[in-house]
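Quick note, the sequences are listed as chains A and B, same order. For the first sequence, counting from 1, position 258 maps to 283 in our numbering; every step adds exactly one. For the second sequence, counting from 1, position 46 maps to 685 in our numbering; every step adds exactly one.
To be clear, the hints were calculated from the coordinates, so they are not data collected in a lab. Some clues are possibly wrong.
[Claimed, not checked] Partner residues are not named here, just some residues of chain A that face chain B (Cβ under 10 angstroms, in silico): (1) HIS42; (2) GLY118; (3) GLU491.
Being a predicted model, the structure only gives us computed values, none of them experimental. Note that beta-carbon positions come from the ideal geometry of N, C-alpha and C, so glycine has one too.
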Amino acid sequence: MEQSQKETSRIGVFICHCGINIGGVVNVPEVVEYAKTLPDVVYAEDNLYTCSSDGLNKIKESIAKYNLNRVIVASCTPRTHEPLFRATCEEAGVNKYLFEMANIREHCSWAHMHEHERATEKAKDIVRMAVAKARLLQPQTEPEIDVTPSALVIGGGISGIIAALCLADQRFKVSLVEKEPELGGMLRNLHKLYPTMQDASEGLEHFIQAVKSNKSIDVFTSTVVKEVKGFIGNFKVTLQKGNSETANLDIGTIVVATGATIFEPVGMYGYGEHENVITQLQLERLLKEGQLKKPEKVVMIQCVGSREEKGRTYCSRVCCMTALKNAMFIRELYPETDVYLLYRDLQTYGQHYEHHHREAQEKGIRFIKYAQEKPPEVVAGKNGKLEVNVYHALLGEQIKIESDLVVLSTPLIQHKDAKELSKMLKVPLGSDGFFFEAHVKLRPIEFATDGIYVCGTAHSPKDTAESVSQAFGVASRAAIPMALKRLRTEAITALVDEDLCSGCRICEAVCEYSAIEMQEKEGKQTSKVLEALCKGCGTCGASCPTGAITMRHFTDNQLVAQVRAAPQVAKEVTKHD
Amino acid sequence: MEANKSILVIGGGIAGIQASLDLASRGMKVYLVEKTPSIGGRMSQLDKTFPTMDCSMCILAPKMIECFRHPNITLLTYSEVKEVKGSAGNFRVKILKKPRFVDLEKCTGCGECAQHCPVEVPNEFDMGLGVRKAIYVPFPQAVPLKYTIDDENCIKCRLCQRMCKAGSIDYDQQPETIDLNVGAIVVATGFELFDARTRSEYGYGKYQNVLTSLEFERLLSASGPTGGHLLRLSDGRIPRRIAFIQCVGSRSLKGGVSYCSSACCVYATKEGILIREHNPECEVYVFYNDLKVFGKGFQEFVNRAKDEWGVKYVRALPGEVVEDPKTGDLTIWYEDTTENVTKNMKADIVVLCPALVPRVASKELAGILGLELDEFGFMKSKDPLFAPVDTNRPGIYICGYCQGPKDIPESVAQASGSAARAAEVIIVATGKEAH
Chain A
26 MEQSQKETSR IGVFICHCGI NIGGVVNVPE VVEYAKTLPD VVYAEDNLYT
76 CSSDGLNKIK ESIAKYNLNR VIVASCTPRT HEPLFRATCE EAGVNKYLFE
126 MANIREHCSW AHMHEHERAT EKAKDIVRMA VAKARLLQPQ TEPEIDVTPS
176 ALVIGGGISG IIAALCLADQ RFKVSLVEKE PELGGMLRNL HKLYPTMQDA
226 SEGLEHFIQA VKSNKSIDVF TSTVVKEVKG FIGNFKVTLQ KGNSETANLD
276 IGTIVVATGA TIFEPVGMYG YGEHENVITQ LQLERLLKEG QLKKPEKVVM
326 IQCVGSREEK GRTYCSRVCC MTALKNAMFI RELYPETDVY LLYRDLQTYG
376 QHYEHHHREA QEKGIRFIKY AQEKPPEVVA GKNGKLEVNV YHALLGEQIK
426 IESDLVVLST PLIQHKDAKE LSKMLKVPLG SDGFFFEAHV KLRPIEFATD
476 GIYVCGTAHS PKDTAESVSQ AFGVASRAAI PMALKRLRTE AITALVDEDL
526 CSGCRICEAV CEYSAIEMQE KEGKQTSKVL EALCKGCGTC GASCPTGAIT
576 MRHFTDNQLV AQVRAAPQVA KEVTKHD
Chain B
640 MEANKSILVI GGGIAGIQAS LDLASRGMKV YLVEKTPSIG GRMSQLDKTF
690 PTMDCSMCIL APKMIECFRH PNITLLTYSE VKEVKGSAGN FRVKILKKPR
740 FVDLEKCTGC GECAQHCPVE VPNEFDMGLG VRKAIYVPFP QAVPLKYTID
790 DENCIKCRLC QRMCKAGSID YDQQPETIDL NVGAIVVATG FELFDARTRS
840 EYGYGKYQNV LTSLEFERLL SASGPTGGHL LRLSDGRIPR RIAFIQCVGS
890 RSLKGGVSYC SSACCVYATK EGILIREHNP ECEVYVFYND LKVFGKGFQE
940 FVNRAKDEWG VKYVRALPGE VVEDPKTGDL TIWYEDTTEN VTKNMKADIV
990 VLCPALVPRV ASKELAGILG LELDEFGFMK SKDPLFAPVD TNRPGIYICG
1040 YCQGPKDIPE SVAQASGSAA RAAEVIIVAT GKEAH
């Protein structure tokens, strides 16, 4: 099919010396002469630097002069230089997908610095293979899609609130959805916020009012996301309030800010058995409501249900500072009360938190380091008290504390309903249960699926300051497509031959970008590529058992032609032909 | 494009790069100022990154190139901010562009000049462990890939000028002042290492086999001074035991800084795994205080280092490192806090993990920008809880390590955050992007 559509190829080959990088090893003029003998090559020349403005002008001039419709540059890596040469072709009226690059530097001259003759032969091989592919190249277009300038923020905790406000300040419409009747999330339960020790409710109230009074933000409380269809720029979202009432929204980008909940340590350290064994979050509420009766001795135990050998292996990040903060507050409230902090490794990182550690020491908090292998024990003691036995790892002795309040620091964990949301949005959860970002290092607040972002404790345990920092970040990432209004999407996408497709759904399962969906056509299930989402990675094409999927710009024809032109294969083919 | 629709980003590390790309990709004009000859920052010096063990340069280089190629980004490398006047929406900035003595338009980065340059000086990129020429690119993937003559060390032999086929050498280049008008400013000046020499008990600067972690990172790197072979610098011997010492000058009340640098426990773990990857026979010990494993995937990473790679952790603060002058071997004296006895351990290389501190020069920059610094010299947030990227000056935002200790993903996320805030200023100033 492709062959018949093909216009006659007129290929120009530009071979770069790259100063001495290529020219010092490969006999470039010899490769030029060789290139001229290859099929459909109508012009070839060498340049000292094809990427210099001189070299680029030569390409443009030659395209006009020799009526070239395919261009090959044999030089360095496409990673750095392909965009430049592609742009040059476009300036001269040649579709950029009719450009092919042959790497004779990294793949040849640099690798074979001391073998000039053989390197020259290899450069010829590489150029011959590029020509074989270039003869079959087809022009491609990059489709454009419109982006609805309206964001959906799922979760009305501090992360969602900050993201919504910052997006609104960038003049986008925002729908903020919260499943609870009130905005505020976890901060509603908290007493003071470290490191400034301001009242949590005070800070929160300010931002809730700001959201409510912002005309660009629609707040939906007691509401959940019921269905999400479509793709970046064009999501169709259905919200449900209560049992019946629904709303349909057109959405450009989606922010996941669903937060986290706290682990309930039932059966650990007497929790659920003794009523004076409570979680750190319960203590936080008692302090907030002024309901903490004066205890004589308080024991706080860190890493309860976190940093486990198996299961919840992760560190929950916020517990050490939360315990320090609450321990100091108890001492302020009741200076005669002894507070013990049983910890494994104190997570007082960054420029602010170590200071609180010292302050706590000065305020008489007693720190006891315990080892993971020898965790403390909590048993019923005399007069309704609790007896905490712990091996002091630094003093090397067993210690017994008669306590009337034991506080367990338990980790933040993912909400139960996150799985459902993850399926609905087709974004993954990690092995720790938290939402899993596109790239741990460089794409920390977005998903591999375009147009969907994540921030706050939905992503991993973090404190208020860190959640807010990510929320501002998300407000930039989610704004970019909306600010552009139109997006150019990938031209190199997958193409399904519906006649060959057996509807096995393997492609749908392997696609990392949720770019394949099934459709029914004439009573038959076939797969369909959502071009706006497809990245052209080729995974579906490689896994299709019936060969129904072709990758544009990397068609079987093109690749086979290129491989058949490879030296070993070329010899074999000649032998057998 | 109107002048006040543009943004000045100061610092070309990963934070500055991310902030620039966020702003440029939404159609705003960015001037990215970097004082060294190439963007890339600290991340470009790293071999691998935790906890994914991605090759640092491999994931960074595409972003550097995107900055270089982006039509909305003007790179001003080898340049420094000298003056800032005005206010949010309308800052007037003077930038000093230092002479490279190489014409950026003509230089193709081919490297012939450096091949012939007779002058060798310690290479800053390799933390002084390797050498470079007086005409140089800091590293092979530098952006822009253009050479610079280091005026201080150039002997004016003019060999480079004779060898340059592109005719790009220009000894008459003068410093240039560039006037910019920008709507907002993002500061991302990063960090440097605490001077480990001041902790004389560990012998850094005195003993050749005591290295800082960033020097060691270069020693591990395939692009480093030994081509990625893990060797002792004193005698070229293959090390059999390497020990890391945490909190050198951090979490300290006697000299150094009192805060925790946040990244050291995990990067030492990463370097430990890399050692075992290079040479499974080489033992690795990490002397630590409190193991900081608070980040996503950190604890699991440390577990992997212990269980799968055999990296050993010792909770102790070493008091002294002593060299055997004959062999260059080192002895670490430490108190084992779990047994309360003084012990010693021999090691072929000792790697110090020094406190990471704000750049010394950021103090001067803060003066120019009118920004407040905190007690440690970090750029001060307007509110550490709810306005982390805002400063005392409207229109000027901060991100990355210059705002406080953080790792790469935190810097990247915060860079986007500062971009969002800067974008707001531009939108208000221009009334554009309204819907």
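Structure-based check of each hint:
Given the 10 angstroms rule on beta carbons, the hint for HIS42 (chain A) holds: about 9 angstroms separates it from the nearest Cβ of chain B. Contact between GLY118 (chain A) and chain B, as hinted, is not supported at the beta carbon level, the nearest pair being about 20 angstroms apart and thus beyond 10 angstroms. For GLU491 (chain A), the interface hint holds, the least distance from its beta-carbon to any beta-carbon of chain B being 7 angstroms, beneath 10 angstroms.
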